[in-house]
Amino acid sequence: MKAILTDVTKCIGCLECVSACKSANRLPMDIPRLWQKNDGLSAYNWTSILPKPLLPETGNGGQRFRYIRKQCRHCLEPACASACPVGALHQTTLGAVVYDSDKCLGCRYCMMACPYGIPRYDWESPVPYVRKCILCFERISEGKEPACTEVCPTKATIFGEREALIQEAHERIKSNQGKYINKVFGEHEVGGTSVLYISDIDLDFLAYKSNLGTRPLPQTTAAAMKSVPVAFVGMGAFMYGLHWIIKRRSERQENPEKPEEKV
Amino acid sequence: MNRVQAAKSILWVVVGFAAAVGITRMIYGLGATTNLNDATPWGLWIGFDVMAGVALAAGGFVITAIVYIMKREEFRPIVKPAVLTAFLGYIAVIISLLFDLGLPWNIWHMLIFWNPHSPLFEVGWCVMLYTTVLLLEFSPVPLEASSRYAKIRTFLLRFRFPLVMLGIMLSTLHQSSLGSLFLIMPYKSYPLWYSDILPILFFISAVALGLMMITLESLVTSHLYRRQVETELLSKLARASVWVLSIYVLTKLTEIVIAGESSLIFNGSWESILFIVEITIGVLAPIVIFSIPQFRRSQKWLWAGSVMVVFGMVFNRINVGGLTMMGITGDSYFPSWMEISISAGVVSAAVLVFFFAVERFHVWETPPRHPEAEPTSRPRFDRVSQVWLGAPSVAGRTKYSLAFLFSFAVAVAIVPGNEIQSKGAVTVPTMPARGGDTLFIDGNRDLYGVAFKHEMHISQNGQKQSCVLCHHMNIPMDKQSGCYRCHKSMYQESDAFGHQWHSSPRGGNIACVQCHEDGRERTAASAKKCDNCHRDLLPDGARIKHERNIAPSYVDAMHRLCVDCHKEKALTLEGKGDLARCARCHETVPPEYMSPGAPLLGNRPYFNRVMMPGAESLLKADD
Amino acid sequence: MQTLLELAQGPLFRLTFAIMALGLLRILILDIWGAVEAYRKAGDKNIPWGQAFRKSLAWLFPVGKAFGSRPVYSLFSILFHIGLILVPLFLFAHVELWKSGIGLGWVTLPKDWADYLTLSTIIFGLALFIGRVAFRASSFLSRKQDIIWPLALIVPFITGYICANTGIAPAGYQFFMLIHILSAELIFALLPFTKIAHCVLMPLSQFVATLAWRFPPDTDEPVAISLNKKGVPV
Numbered sequence: 001m002k003a004i005l006t007d008v009t010k011c012i013g014c015l016e017c018v019s020a021c022k023s024a025n026r027l028p029m030d031i032p033r034l035w036q037k038n039d040g041l042s043a044y045n046w047t048s049i050l051p052k053p054l055l056p057e058t059g060n061g062g063q064r065f066r067y068i069r070k071q072c073r074h075c076l077e078p079a080c081a082s083a084c085p086v087g088a089l090h091q092t093t094l095g096a097v098v099y100d101s102d103k104c105l106g107c108r109y110c111m112m113a114c115p116y117g118i119p120r121y122d123w124e125s126p127v128p129y130v131r132k133c134i135l136c137f138e139r140i141s142e143g144k145e146p147a148c149t150e151v152c153p154t155k156a157t158i159f160g161e162r163e164a165l166i167q168e169a170h171e172r173i174k175s176n177q178g179k180y181i182n183k184v185f186g187e188h189e190v191g192g193t194s195v196l197y198i199s200d201i202d203l204d205f206l207a208y209k210s211n212l213g214t215r216p217l218p219q220t221t222a223a224a225m226k227s228v229p230v231a232f233v234g235m236g237a238f239m240y241g242l243h244w245i246i247k248r249r250s251e252r253q254e255n256p257e258k259p260e261e262k263v
Numbered sequence: 001m002n003r004v005q006a007a008k009s010i011l012w013v014v015v016g017f018a019a020a021v022g023i024t025r026m027i028y029g030l031g032a033t034t035n036l037n038d039a040t041p042w043g044l045w046i047g048f049d050v051m052a053g054v055a056l057a058a059g060g061f062v063i064t065a066i067v068y069i070m071k072r073e074e075f076r077p078i079v080k081p082a083v084l085t086a087f088l089g090y091i092a093v094i095i096s097l098l099f100d101l102g103l104p105w106n107i108w109h110m111l112i113f114w115n116p117h118s119p120l121f122e123v124g125w126c127v128m129l130y131t132t133v134l135l136l137e138f139s140p141v142p143l144e145a146s147s148r149y150a151k152i153r154t155f156l157l158r159f160r161f162p163l164v165m166l167g168i169m170l171s172t173l174h175q176s177s178l179g180s181l182f183l184i185m186p187y188k189s190y191p192l193w194y195s196d197i198l199p200i201l202f203f204i205s206a207v208a209l210g211l212m213m214i215t216l217e218s219l220v221t222s223h224l225y226r227r228q229v230e231t232e233l234l235s236k237l238a239r240a241s242v243w244v245l246s247i248y249v250l251t252k253l254t255e256i257v258i259a260g261e262s263s264l265i266f267n268g269s270w271e272s273i274l275f276i277v278e279i280t281i282g283v284l285a286p287i288v289i290f291s292i293p294q295f296r297r298s299q300k301w302l303w304a305g306s307v308m309v310v311f312g313m314v315f316n317r318i319n320v321g322g323l324t325m326m327g328i329t330g331d332s333y334f335p336s337w338m339e340i341s342i343s344a345g346v347v348s349a350a351v352l353v354f355f356f357a358v359e360r361f362h363v364w365e366t367p368p369r370h371p372e373a374e375p376t377s378r379p380r381f382d383r384v385s386q387v388w389l390g391a392p393s394v395a396g397r398t399k400y401s402l403a404f405l406f407s408f409a410v411a412v413a414i415v416p417g418n419e420i421q422s423k424g425a426v427t428v429p430t431m432p433a434r435g436g437d438t439l440f441i442d443g444n445r446d447l448y449g450v451a452f453k454h455e456m457h458i459s460q461n462g463q464k465q466s467c468v469l470c471h472h473m474n475i476p477m478d479k480q481s482g483c484y485r486c487h488k489s490m491y492q493e494s495d496a497f498g499h500q501w502h503s504s505p506r507g508g509n510i511a512c513v514q515c516h517e518d519g520r521e522r523t524a525a526s527a528k529k530c531d532n533c534h535r536d537l538l539p540d541g542a543r544i545k546h547e548r549n550i551a552p553s554y555v556d557a558m559h560r561l562c563v564d565c566h567k568e569k570a571l572t573l574e575g576k577g578d579l580a581r582c583a584r585c586h587e588t589v590p591p592e593y594m595s596p597g598a599p600l601l602g603n604r605p606y607f608n609r610v611m612m613p614g615a616e617s618l619l620k621a622d623d
Numbered sequence: 001m002q003t004l005l006e007l008a009q010g011p012l013f014r015l016t017f018a019i020m021a022l023g024l025l026r027i028l029i030l031d032i033w034g035a036v037e038a039y040r041k042a043g044d045k046n047i048p049w050g051q052a053f054r055k056s057l058a059w060l061f062p063v064g065k066a067f068g069s070r071p072v073y074s075l076f077s078i079l080f081h082i083g084l085i086l087v088p089l090f091l092f093a094h095v096e097l098w099k100s101g102i103g104l105g106w107v108t109l110p111k112d113w114a115d116y117l118t119l120s121t122i123i124f125g126l127a128l129f130i131g132r133v134a135f136r137a138s139s140f141l142s143r144k145q146d147i148i149w150p151l152a153l154i155v156p157f158i159t160g161y162i163c164a165n166t167g168i169a170p171a172g173y174q175f176f177m178l179i180h181i182l183s184a185e186l187i188f189a190l191l192p193f194t195k196i197a198h199c200v201l202m203p204l205s206q207f208v209a210t211l212a213w214r215f216p217p218d219t220d221e222p223v224a225i226s227l228n229k230k231g232v233p234v
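As they're listed, the protein sequences go chains A, B and C.
Residue numbering for the first sequence follows this note's numbering, beginning at 1 and increasing consecutively.
Residue numbering for the second sequence follows this note's numbering, beginning at 1 and increasing consecutively.
Residue numbering for the third sequence follows this note's numbering, beginning at 1 and increasing consecutively.
Since the hints were made in silico from the structure, they are not lab data.
Each residue gets a CB set at the ideal place from its N, CA and C atoms; glycine is no exception.
Some clues are possibly wrong.
Within a straight-line C-alpha distance of at most 30 Å, the following computed DSS-like cross-link-like pairs (lysine-lysine) qualify [to be verified]: (1) K247(A) - K236(B); (2) K71(B) - K247(A); (3) K528(B) - K22(A); (4) K195(C) - K399(B); (5) K10(A) - K174(A); (6) K399(B) - K111(C); (7) K247(A) - K399(B).
To list a few chain B residues with every Cβ distance to chain C over 12 Å, as calculated [claimed, not checked]: (8) F75; (9) L163; (10) D196; (11) L219; (12) F404.
The calculated label-pair distances, taken between Cβ atoms and stated as ranges, are [as the list claims (entries may be wrong)]: (13) N46(C) - R360(B): 25 to 35 Å; (14) N2(B) - F135(C): 19 to 29 Å; (15) D202(A) - K300(B): 57 to 67 Å.
Sequences and hints are given; from them, build the entire structure.
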């Protein structure tokens with residue numbers, strides 16, 4: 001499993017990753033539209049930098065902002081891929097959650113399902129597709145780094161094996177006591193994500209709710225989906241049983257002498 | 001005109017209007033026609049047409065269960081209309097879905113690409129299968145019309161019981177799975193509507209809604225066709241619905257209490273108001289009304305009760321489907337008039353087909369008198385072709401086709417022609433040239449216009465031949481098109497620079513001429529050098545001479561051009577190699593460089609809006 | 001003036017164009033539908049299709065027909081129709097509008113030709129109007145719309161000519177353009193509901209007429225009654 005670790009304290013907000021993402025994925029120009037969320041992400045912008053003001057007392061080195069790079073989290077158990085009725089969004093063995101536009105039918109259930117609100121729609125086009133970060137899937141399967149981590153001048157965002165990066169993150173937290181919040185964001189949330197953060201400010205605002213919990217979202221529907229065959233057969237059996245009982249009773253009422261005979 | 005004709009005329013008007021809007025939707029896409037956005041990707045078409053539509057069509061499986069499974073033969077007269085309503089309901093759902101799906105021509109993909117983990121996959125399959133089942137259940141009725149189809153008809157009738165069973169089983173699945181759809185959004189859904197037993201709640205409420213939809217459908221058609229209302233039957237349905245609604249409300253409230261969310265009901269938030277309205281009107285009030293026997297037998301109260309249940313349950317589906325998520329996503333979606341008219345059009349078309357079927361086929365025990373049947377029918381004279389056509393086979397086709405035609409044309413007329421082509425971008429306001437040549441165009445839509453020199457544009461673009469480049473007599477393009485339609489390079493070349501950040505409503509407010517030399521082409525070549533504004537680009541005493549100081553952006557300059565230069569220089573200048581590392585400088589960057597007002601990053605969309613000085617004076621100067 | 005012009009170019013144009021397009025489609029469908037019904041009811045199903053087809057062709061390309069009883073009138077009428085059809089469809093400015101509106105363009109007339117054709121349409125239109133009014137036989141047969149249409153149809157041609165040749169009235173460009181657009185839109189809106197609908201019904205009319213007279217014998221009685229021509233031989 002490949003992963004990205006972003007150290008929020010190291011980011012200088014230079015937007016180099018944003019620009020590299022655009023050129024690596026050949027994304028066209030982006031005119032502000034009414035339907036975009038105000039977080040910099042759009043169908044043509046797969047990563048963005050969110051500046052968050054620091055409280056004066058917590059700001060270190062006199063900095064007044066922290067820059068948080070927003071991108072697809074590439075969940076280990078992605079809600080979007082589980083929701084997609086045709087499997088257009090799916091997870092690759094490297095951990096990247098990628099999109100097959102040939103399968104997509106445009107139901108936008110993935111956009112509803114994502115707890116981070118990442119997938120964006122190409123609303124402008126009469127032939128629209130779902131767009132999001134694909135962890136530079138082609139590049140990483142060739143053994144290269146994603147474009148964003150490659151260009152980062154301060155190595156605030158780095159790429160590697162997930163296990164190694166989690167270890168690295170914990171080491172950084174340990175060796176800089178008090179600098180970071182003692183938590184690797186993305187290690188356990190919704191079953192773990194491939195895009196990890198360590199930070200000195202809380203990163204809850206990246207999701208729709210502050211405490212996401214560790215239960216993978218596909219499990220929520222899995223229980224209901226598991227009971228589908230049971231419900232199907234059960235309802236059939238119940239209805240047939242009901243029908244049989246009622247039919248028998250009415251037959252007995254009509255012909256009380258010979259109840260076993262069928263009409 | 002009798003009631004049916006009046007109703008049909010209105011429906012044709014709605015259908016005509018929706019037809020034009022539907023074509024617009026298919027040509028220009030979702031962004032141009034709906035208010036859907038990245039925060040609210042599901043809107044009216046899912047909440048009302050699909051979610052509520054499927055629930056409203058639940059009457060089909062409920063009534064077949066009552067008659068064929070429970071053998072309550074007295075309900076047989078209302079089976080056919082209820083099955084017809086359900087069938088048309090499902091067709092309407094599928095047609096609405098074709099409008100809602102981004103790639104509607106791929107709707108069949110669910111047949112070959114499977115993802116059995118997805119509740120939507122299951123819903124899709126069940127809807128497809130159940131629509132087929134409904135078609136087979138209903139088709140003996142139209143097949144009755146001719147003896148030619150007698151064999152097929154008896155064949156179908158032989159399979160009626162298995163079909164009914166299959167229909168009930170499929171309905172159980174997808175009525176509940178529509179609830180399962182939302183299980184995956186525990187973080188978006190409001191707790192009052194989110195629960196692990198959402199599928200069960202959806203199923204029970206669908207049964208209640210099915211009963212009341214049969215009632216309402218019967219009442220409406222009885223009113224229109226002046227038929228005898230089957231009050232006795234309907235009151236029995238109403239009594240049954242009391243039980244179902246009670247089970248529903250008890251399950252729901254118990255679940256809320258167990259989950260510890262009961263305090264949310266009365267906390268006065270708008271979600272709590274939605275919840276109270278939904279439960280009171282849709283469930284509690286009908287329970288009270290229908291538990292009183294006199295009220296159950298009164299037509300007036302049957303109307304009131306069934307309308308309340310239908311409203312409440314539709315409201316419930318809309319609440320679950322997204323209305324109550326808005327507090328969490330922070331978006332305020334309201335459907336556009338185009339979305340509303342397509343929804344209305346699809347429903348109207350379904351109702352028209354219903355009318356057609358009941359007039360043509362043996363749906364009711366006592367078929368209605370044909371509403372178009374005029375005893376004094378005369379052969380029709382066609383004024384245009386000047387011939388006699390005889391009595392028309394479908395009377396009223398003149399009237400209805402005219403209703404369709406005119407409302408279609410009106411819809412075409414009010415579809416915002418050019419705005420729709422600009423797709424989501426706000427139209428460009430212009431101020432006409434005041435007696436002179438200069439026109440003010442607010443290309444960035446931020447109340448700051450820039451002067452547009454007409455004469456100059458004509459002379460640069462090839463004199464008289466150039467008019468048509470901007471002005472198109474049919475569409476007032478010159479009022480609508482932004483500067484970027486021609487000046488494309490400013491976005492393409494300077495993407496990393498973020499031209500829109502420097503000039504957009506969300507960032508800075510620089511008028512073109514503040515950076516681009518007046519009178520020259522507006523490209524990167526004619527732009528001012530970055531350090532013209534960003535004076536702190538080069539610290540005092542810097543020895544660097546930027547020969548190529550036409551960098552499209554500061555960011556670019558820092559991270560492409562300058563750094564490259566430094567790298568180059570590092571080869572020749574001893575000990576200066578370190579300069580090529582950003583982190584070396586940024587360790588020592590003074591804090592004010594990172595402040596919101598600072599020119600360094602101050603005009604990014606996420607920061608406070610900083611009004612650029614000189615924008616107002618520029619407006620005046622060009623006057 | 002500017003607002004009016006924009007209204008006429010935008011919503012009003014779409015409204016009237018949609019009425020025309022859909023109205024013509026509607027009348028065509030109703031006509032074919034009626035013809036099918038007539039065929040079902042026809043008492044004599046032995047219909048001379050070939051003859052009707054030949055007749056239709058003869059009326060569509062009236063080379064032989066033209067010089068019958070009134071050669072001058074026919075010639076004028078043909079020349080009038082040529083300009084009437086060619087100029088609006090193939091004028092350079094109009095094609096440019098289509099290009100910018102729907103992205104489709106097609107061959108255009110040279111400017112000189114367009115001007116000559118416009119002038120000829122205006123002249124022959126006037127001539128037809130005079131012919132309708134001046135000759136006793138024609139004016140007796142003419143309905144109101146027969147007299148008004150030749151005049152109404154040349155209004156956009158006159159104003160269009162003035163707009164295309166700005167030398168004629170440079171100050172009144174906007175005014176004439178407005179009249180040009182509005183009159184054309186009025187024609188669009190009325191077209192499917194008046195005799196001008198023959199632009200799409202023409203190819204069918206021979207078939208419909210052939211069919212219409214083959215009703216079962218008992219139909220002519222109610223027909224005659226509703227025509228108020230009871231007892232008049234058909």
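Hint by hint, here is what the structure shows:
1. K247(A) - K236(B): 21 Å, holds
2. K71(B) - K247(A): Distance of about 7 Å is within 30 Å: holds.
3. K528(B) - K22(A): 25 Å, holds
4. K195(C) - K399(B): 20 Å, holds
5. K10(A) - K174(A): 16 Å, holds
6. K399(B) - K111(C): 44 Å, violated
7. K247(A) - K399(B): 51 Å, violated
8. F75: 40 Å, holds
9. L163: Holds: least Cβ distance 36 Å, greater than 12 Å.
10. D196: 52 Å, holds
11. L219: 35 Å, holds
12. F404: 8 Å, violated
13. N46(C) - R360(B): 25 to 35 Å: 32 Å, holds
14. N2(B) - F135(C): 19 to 29 Å: 49 Å, violated
15. D202(A) - K300(B): 57 to 67 Å: 58 Å, holds
When each numbered hint is compared with the structure, violations occur for hints 6, 7, 12 and 14.
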